[in-house]
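Please put together the full structure from these sequences, using the hints given.
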Amino acid sequence: MAAAGTEEVVAIEVVDLAVTPVRELNQRLHDLAGRPGPRQWRVLNSSGAHAVACGLDAAVEVEIAGHVGYYCAGMNKLATVRVRGNAGTGLAENLMSGTVVVDGAASQSAGGTGRGGLLVVHGDAAARCGISMKGIEIVVRGSIGHMGAFMAQTGCLVVCGDAGEALGDSLYEAHLYVRGKVASLGADCIEKELRPEHLEQLRSLLDRAGIDAADPSEFRRYGSARELYNFKVDNASLY
Amino acid sequence: MKFQSFLNLSGVEFQHMCGIVGLFAKSCEIEAELGGHLAAMLTQLSDRGPDSSGVAIYRNPAPSGSCKLTLFSADPDEDWNGLGADLRTAFNDCSTPVVHASHAVVAVEADAKDVEAWLKDVMPHLRVMSAGQGIELFKETGRPEQFVARFGLTGMQGSHALGHTRMATESRVTTEGSHPFSTGLDLCLVHNGSLSNHNRLRERLRREGIGFKTENDTEVAAGYLTWRLREGAVLKQALEDCLEALDGFYTFLVGTAHGFAVLRDPIACKPAVIAESEEWVAMASEWRAIAVLPGAAQARMWEPEPAVVYAWERALV
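Line by line, the protein sequences are chains A and B. By our numbering, the letter at position 77 of the first sequence is numbered 77, and the numbering carries on one by one without gaps. By our numbering, the letter at position 183 of the second sequence is numbered 183, and the numbering carries on one by one without gaps.
Hints are computed from structural coordinates only; laboratory data are not their basis. Treat the hints with caution; some may be incorrect.
[To be verified] Label pairs and their in silico Cβ distance ranges: (1) D215/A / E240/B: 36 to 44 Å; (2) R172/B / A18/A: 50 to 58 Å; (3) G37/A / C28/B: 47 to 55 Å.
Note that the Cβ used here is the ideal one computed from N, Cα and C, for glycine as well.
Laid out in structure tokens, this is it:
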């Protein structure tokens, strides 16, 4: 007889990609949008497959027990996707909302064009991390490659390690924070003062990313010099 | 201007695939199983290049005074033993040809250029795929899985090897148009990307005496390296010269007698991952090709910086 007050046992839906095609997994996850169904998923034998858990639109949790290839968790809304390995090109591309966490490293263009949500990479992220980001928040525990936040419009990129060449090239109004060395700044990207509201933003992002080894005061802030695009102060509230 | 070029880059990224892999053994155990490990890596990248497959594997160096050649014949009934006998008559000595599908490997006690000249004269239907001391080079149309089985790759040992799965964009799907390309002794190149100035550069290199067998852009890059090395450049300098001479997108993997080197173009859109463990150094277009190696999870992994040459060479003893 079960004692009163015991926690409800949540069934975890397990999908083995060694036997189930990625297309079928993604269709089952898409079918959860606005409909009942399992809320916790575990994906086995991802073995670097492309487009795993893409286009989700439901508040589900998907844990992928291995490496993934290109475009994992792209266009995600509401869902939490955790990769227990490395991720290939285009991780969480065009993220809309929800959370994507990678335990290992991410290849190029991680979080590119993202409009919202949180992307956390616990290893390094390669070139063009956050390219053309439009509201996504990205926290990288390691370092990022060259051309990070290229043409980034809004949102936040936090790098606990170093940044490669041409950081923030052609930047608009995204906030960039780097704790380590920056190899070089891209066109129109400059260092800016780290004010109390930025420390607060950093503290909040590091907390949400589960990173307590980095002190917000150790970071430097970079932003747009606003000389390359037509910045009008009247529009500042839009960003 | 800047935005325009960014859009173009994205377009190319999605049109041009191909997969490349390389493995450099640091232990006897990996050397003994090199072909099997490379086969596993290659088949992981089958989807990136289903047209053709190829490998260059460095092993069993020919003794001093001899050279080793890999030959290709389009004739399935090629009389390889007869060729061995003819080579033995023409030169001091020749090993029994070891046949791998449409290719055969033979060691001849002579200078490679003399054997190549003899073959061109007496056996013009044979194509020299590679020449040198250690290199053996096999390539063929078809998926990697078929290639691995046909050529018995799994049973091959070696010190280092590189491989390619091709999705053709710049020239026809033929054995000759497959990668790797070798245009110099023990030198070969695999390429992911596309070059846009290869026609003009090919003409310039022809005037310098570099020969070409196809209209393929990668063969021009291999020929350029051969020319630079012939002019006295060391491999690192020859690769750095590529950054000036070649226009296009590329991740190159270059095999030499003693190791391999990796170079990405200054924009570095074409993918590349390098990993190093106590037992091996591996390079691939995607992590999944490295993940099949023993101890991959513990290996140090990174993506090579643009326009930086990474090289590993065996210490010469």
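Range first: 47 to 55 Å. Now tell me if the beta carbons of G37/A and C28/B are that far apart.
Taking Cβ atoms as reference, G37/A and C28/B lie about 53 Å apart, which means the hint holds.
Range first: 36 to 44 Å. Now tell me if the beta carbons of D215/A and E240/B are that far apart.
holds, 40 Å
Whether the CB-CB distance between R172/B and A18/A falls inside 50 to 58 Å
violated, 36 Å
Violated hint: 2 only; the structure is consistent with all others.
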